[in-house]
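Participant: These are the residues of each chain, in order.
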Amino acid sequence: MREIIEGRVWTLGRDVDTDQIISGKYLTIIDPNVLRTKVLEIGLPEFASQSKPGDILVADQNFGSGSSREHAPQALRAAGVGAIVADSFARIFFRNSINLGIPTIEAPGVRAIFNRFDTARIEIRRGTITNMRTGKSVSFPPLPQHLIDLLEAGGLVEKVRRELANGAAPRGPASP
Amino acid sequence: MSAVSRGHGHTLVEKILARASGKESVVPGEIVEGRVDLAMMHEQGAQTVQPFHEMGATRVWDPDRVVIAIDHWVPASTEGAAVLHRILRKFADEVGLPHFYDVGNHGICHQILAENGWVVPGDLAVGTDSHTNMLGAMGAVAAGIGPTEMAAVLALGRLWLKVPTTLRINVRGTLGPGVTAKDLVLRALGEVKTTGATYKAVEWTGPTIARLSMPERLTICNMTTEMGAKCGMVAPDSTTQEYLAGIAKHPMHPVSADADAPYERTVEINVDGMPPMVACPYSPDNVRPLPDVAREHVRIHQAFLGSCTNARIEDLREGAAVLKGHRVHPGVRFIVSPASTAIYRQCLSEGLVDLYTEAGAVFTNSSCSACFGGNMGIIAPDEVCASSSNRNFPGRMGPKEGRIYLMSPAATAAAAVRGEIADPREYA
Numbered sequence: 001m002r003e004i005i006e007g008r009v010w011t012l013g014r015d016v017d018t019d020q021i022i023s024g025k026y027l028t029i030i031d032p033n034v035l036r037t038k039v040l041e042i043g044l045p046e047f048a049s050q051s052k053p054g055d056i057l058v059a060d061q062n063f064g065s066g067s068s069r070e071h072a073p074q075a076l077r078a079a080g081v082g083a084i085v086a087d088s089f090a091r092i093f094f095r096n097s098i099n100l101g102i103p104t105i106e107a108p109g110v111r112a113i114f115n116r117f118d119t120a121r122i123e124i125r126r127g128t129i130t131n132m133r134t135g136k137s138v139s140f141p142p143l144p145q146h147l148i149d150l151l152e153a154g155g156l157v158e159k160v161r162r163e164l165a166n167g168a169a170p171r172g173p174a175s176p
Numbered sequence: 177m178s179a180v181s182r183g184h185g186h187t188l189v190e191k192i193l194a195r196a197s198g199k200e201s202v203v204p205g206e207i208v209e210g211r212v213d214l215a216m217m218h219e220q221g222a223q224t225v226q227p228f229h230e231m232g233a234t235r236v237w238d239p240d241r242v243v244i245a246i247d248h249w250v251p252a253s254t255e256g257a258a259v260l261h262r263i264l265r266k267f268a269d270e271v272g273l274p275h276f277y278d279v280g281n282h283g284i285c286h287q288i289l290a291e292n293g294w295v296v297p298g299d300l301a302v303g304t305d306s307h308t309n310m311l312g313a314m315g316a317v318a319a320g321i322g323p324t325e326m327a328a329v330l331a332l333g334r335l336w337l338k339v340p341t342t343l344r345i346n347v348r349g350t351l352g353p354g355v356t357a358k359d360l361v362l363r364a365l366g367e368v369k370t371t372g373a374t375y376k377a378v379e380w381t382g383p384t385i386a387r388l389s390m391p392e393r394l395t396i397c398n399m400t401t402e403m404g405a406k407c408g409m410v411a412p413d414s415t416t417q418e419y420l421a422g423i424a425k426h427p428m429h430p431v432s433a434d435a436d437a438p439y440e441r442t443v444e445i446n447v448d449g450m451p452p453m454v455a456c457p458y459s460p461d462n463v464r465p466l467p468d469v470a471r472e473h474v475r476i477h478q479a480f481l482g483s484c485t486n487a488r489i490e491d492l493r494e495g496a497a498v499l500k501g502h503r504v505h506p507g508v509r510f511i512v513s514p515a516s517t518a519i520y521r522q523c524l525s526e527g528l529v530d531l532y533t534e535a536g537a538v539f540t541n542s543s544c545s546a547c548f549g550g551n552m553g554i555i556a557p558d559e560v561c562a563s564s565s566n567r568n569f570p571g572r573m574g575p576k577e578g579r580i581y582l583m584s585p586a587a588t589a590a591a592a593v594r595g596e597i598a599d600p601r602e603y604a
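First to last, the sequence lines map onto chains Z and S.
Counting in the working numbering, the first sequence runs from 1 upward without gaps.
Counting in the working numbering, the second sequence runs from 177 upward without gaps.
Keep in mind that the hints are not guaranteed to be accurate.
[As the list claims (entries may be wrong)] Across the chosen pairs, the derived CB separations fall in these ranges: (1) D413(S) with S49(Z): 36 to 42 Å; (2) I4(Z) with E367(S): 40 to 46 Å; (3) D468(S) with P45(Z): 31 to 37 Å; (4) E367(S) with S139(Z): 45 to 51 Å.
The hints are simulated quantities; they were obtained by calculation from the structure and are not laboratory data.
C-beta atoms are modelled at their ideal positions from N, C-alpha and C, and glycine is treated no differently.
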């Protein structure tokens, strides 16, 4: 994970749910490279064809609400998003996105300081997001260490792979 | 609404996560490694297989704690769905997962868990569907996760969880005739809103909740997902014990909140005199009294009685009681989809399939059906659907313009008869 992430901004409103990110009719598609062509078809239709790797999504409250479909962050990762930032996230989307290794940052107030195609600069450890055009910034609480570890490993697959390689044993229920 | 300071007591979710993480007690904000009692996958589990292998995992931590229940496209309606099913069947054979509810023995994954006793009081359960919250009705912590996370659960039998604060919804009063648990949860959504419980646990309490049957508790816990909640729950009691008697798949560890448990917030609801409720497009929290909406003569083109929220035998009887003696309105397609094959068979033996189909409804096999807009029961862009399901986001039933009104099974049947949103109490 890079300490500083910079990229061109796409803005989104509040309550952009997973149906708007990947519609239910595409849920039998599991190839991320196909999913990326359908991404945000309802929420931001021009994104799929016009986004560039490294672009940053800046959303208002409750981004990714609704279903548990990992197709949504899979498609965004395949589109090459550099980070997803929002005033707030729905919980399953947040977990899925972090698990896939996408820097996913909750920063209340962030949506209000950006317009489309501004440049955002995210300093992960300092906990700030700055609009490079206006100089305005918002701060966010540092990510918990276990989430930093997850991102630094590149996502949950690599983290668990290392754990298993180091002899981590599966465990059954806490008591029978 | 009231804020409560931290005493010595613990909420239900804290007690369950303490047990799951092998600790004496836990507090909100703490990150714990919770041992999983039950893991459930539906079609999205097909995306669990590749990360499971990439992790270097070769065996599942406990095959008797894993359930696969396909439900979104049953039987497979597209080649893509057939491939997802194929991946799951091959994986189940390869790693030895015997509890696979396949075509013919199928049902909506959450209903399969409930009616077969797979989740019991005190459990930590996870599933690859957001409405896994429904199983919190058993007095368990049940939460939705994604397929990559499920791969880690299958490999390790555990996952990290942040202990949530608890939003309590305390309910008093008596639901009137024609007013149901669905109306209660819609009313609560109107107050809590879709982000009011984000990252939190929702605990339903109060004398009204104590009187609810298990199917009704399943309905109100199901839609805590629409509040953003990590889990929704009802403390286990004699109703829970009776429901699970003879079907519980593993030992129970029932716990309840302490009297001085610290709730982040309590929402008080009195249901005395409450009318049926409806959630209008395009959000489950856009809730209004149904009689107000009915006065606007909202014409419908499709009615859908189905989904994990409301397609149990009690729901289909409720719809049938409204439909009896009437016909489906010309120009309305009325789709009825039971939540499981067991419920389908129960409908056959009770004559409900005859009743629905003679009235002009289509009675389908069990599946998620029209709820998610990816299989059958898609609506056209300028159409309106009255639905007993749980979401009415743009695009949920297909096109982004399509309008979905969420309501009880009784109100769904009333709309099918009237051809517009109608008060089910007029059909009592």
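Participant: Among all the numbered hints in the text so far, which are the ones the structure does not match?
Facilitator: 1 and 4
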